[in-house]
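Q: Given next are the chains, with one letter for each unit.
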Amino acid sequence: MASLSELTHKIRSKNAGPFWVTIDLFCRDDAHYKRVRDGLALPVIARCLLIPENLVKRFEIDNLKVIKVSFQRKHFQGSRLDRDMHGAQFAFLLEQLQID
Amino acid sequence: MTKSTKILVPSGVLGLGFSEDALIQGLKRQPDIISIDGGSTDSGPFYLGMGVSKYSLGVCEAEWHLLMQARHDNKIPLVIGSCGTCGVNAGVDMMFDMTVRIAKKLGHFVKIARIYCEREISEFQIALGENRIKPLEPAPQITQDSLSKITHIVSLAGVEPIQKAIEAGADVILVGRATDTALIAALPLLNNAHKGASWHAAIIAECGAFCSTNPSSGVIFVEVDETGFTVEAMAQNALCTPETVAAHMLYENADPFVLLEPGGHLDVTDATYTALDERRVRVEGSRWHSSDTYTVKLEAAKLSGYQTTILTIVREPNYVAHIDDWIVKLSRICNTKLKQSMTNSKSTHSIDFRVIGKNAVLGELEFSESLAPELGVLVIVTADSQGEADDIAMLINPYLLHLPLSEDEPIPTTAFAYSPANSSRGAFFEFALNHIMILDKPCDGFPLIIDEV
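Chains A and B supply the protein sequences, listed in that same order. By this note's numbering, the letter at position 99 of the first sequence is numbered 99, and the numbering carries on one by one without gaps. By this note's numbering, the letter at position 294 of the second sequence is numbered 1294, and the numbering carries on one by one without gaps.
Check each hint, because a few of them may be wrong.
Claimed, not checked - Here are the simulated distance ranges between beta carbons: (1) B/Thr1227 - A/Ile99: 37 to 43 angstroms; (2) A/Met85 - B/Asn1191: 55 to 61 angstroms; (3) A/Leu55 - B/Ala1275: 35 to 41 angstroms; (4) B/Gly1058 - A/Ile99: 45 to 51 angstroms; (5) B/Glu1120 - A/Phe92: 24 to 30 angstroms; (6) B/Ser1423 - A/Ala88: 50 to 56 angstroms.
As the list claims (entries may be wrong) - Some chain A residues well away from chain B (every beta-carbon gap over 10 angstroms; in silico): (7) Ala2; (8) Gly17; (9) Ala31; (10) Leu55.
In short, the hints are calculated from the structure, not lab data. By construction, the Cβ of each residue, glycine as well, lies at the ideal position given by its N, Cα and C atoms.
Here chain A stands alone, though its shape is the one from the complex:
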């Protein structure tokens, strides 16, 4: 097992409009990219974020060694229960996630 922070050189999270948050995981090299690609499956992401799988989109960008995760916000940006306007702190949630 390894944490995603060990397998990536940067994890970046940001609002993508008021209704989505998108997280980009930049992997260190091809070997780490393959490991993240295989280990960070949709159900793993959904469990980590406590949201249903159908609200998550996952992309593999091979040439950049990036896995991208976009998900619908549980609380829209700036709504009563929103806690992070720009959604940037989700990156730290993923950093500690352990994968095979």
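With the hints as your guide, set chain B onto chain A.
A: The following block gives chain B in isolation, referenced to the frame of chain A:
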């Protein structure tokens, strides 16, 4: 062969700052147009709700002064979109007044085009009745109640209204709300450049130098032709590499390959990014797909109440260790007292307690068990009027200061950082639409006004 179109983008947004040296470098490339964005929804619903700007007007005016001088010296159009952060009509008027003021100061004669993008609620309701409003995923529900609380609706202009202003010979073009990309794609598309490349160049350049190794340097230069585009950062210490350029497609985009725009969508799945040298990147292979119907995206904010906040800091170790128990007790006692004193039985108020230093940001997702020596307790009260929110906060105030964990211990006193501890925040807004609107013609509802000053 058609001549290429050269676009200079000074920064991601007016008011954010850019390197003046880099601007001068960019002007040496003899651009055909200067395009800059004026805002977005990025900072939340308040700005659209109130129809006000986020950025310092003084800073914006200083930057606009430089760009108007650059426009005059090079005899090229200057275009700005999303005037005044949110793109309401008042934002366009604010930029118009600023432009006139600077033109007079500089002694310039300028042809100014204004493109308004705000939609009346009645127009929206007619379109709703005609089935011309379609939800995007996820869309807030449209109800009679939400419609009655919407303060501003804007539609995001595509390239066509901007092209109309360029063809009319405008020197300065002030657009209400537009897609960030339309401002940059308008001229190359008018010049019959490659459609996919025009839109792709626009999304790469729309945040200024964010697509380079030095994002804060601001100034970016793109040249679009019949087969693709070339991008270069203008600051000496900023480089565009295939990686930095390709990675910009990821930034703030939920989908890294497909971008929905008025009149179609851009697909960059097969795009190639090639280094021409250590500073410049050539991009080809992006595709544009026109849609059967012409749609524009709508943004709206609704008034969702008024807020008052209180912040206190807990330092006593026993209270820090048992903060969750304390918050439960605090919440229970405040709600009980509130029920006894409330005169408005239909009140929709809410009280949100957030413990800073524990889980204020991630909430139930927080995984860390470590606690800081002190914890902030932020109480956010939302109610139907400012008076009600203030009154609820005043009820909470003494308990937040003095509530004991148990009955048999001395009364504690938490740390208020200032007096009064309560802060009235005023009107509270939420986004009310994530929808598109079908238009008969691309310029419908985007009135163009041209003045010479």
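Q: Hint by hint, say whether it matches the structure.
A: We went through each hint and held it up to the structure:
{"no.": "1", "hint": "B/Thr1227 - A/Ile99: 37 to 43 angstroms", "in the structure": "holds (41 angstroms)"}
{"no.": "2", "hint": "A/Met85 - B/Asn1191: 55 to 61 angstroms", "in the structure": "violated (39 angstroms)"}
{"no.": "3", "hint": "A/Leu55 - B/Ala1275: 35 to 41 angstroms", "in the structure": "holds (38 angstroms)"}
{"no.": "4", "hint": "B/Gly1058 - A/Ile99: 45 to 51 angstroms", "in the structure": "holds (49 angstroms)"}
{"no.": "5", "hint": "B/Glu1120 - A/Phe92: 24 to 30 angstroms", "in the structure": "violated (43 angstroms)"}
{"no.": "6", "hint": "B/Ser1423 - A/Ala88: 50 to 56 angstroms", "in the structure": "violated (24 angstroms)"}
{"no.": "7", "hint": "Ala2", "in the structure": "holds (16 angstroms)"}
{"no.": "8", "hint": "Gly17", "in the structure": "violated (7 angstroms)"}
{"no.": "9", "hint": "Ala31", "in the structure": "holds (18 angstroms)"}
{"no.": "10", "hint": "Leu55", "in the structure": "violated (8 angstroms)"}
Checked against the numbered hints above, the structure breaks hints 2, 5, 6, 8, 10 and satisfies the rest.
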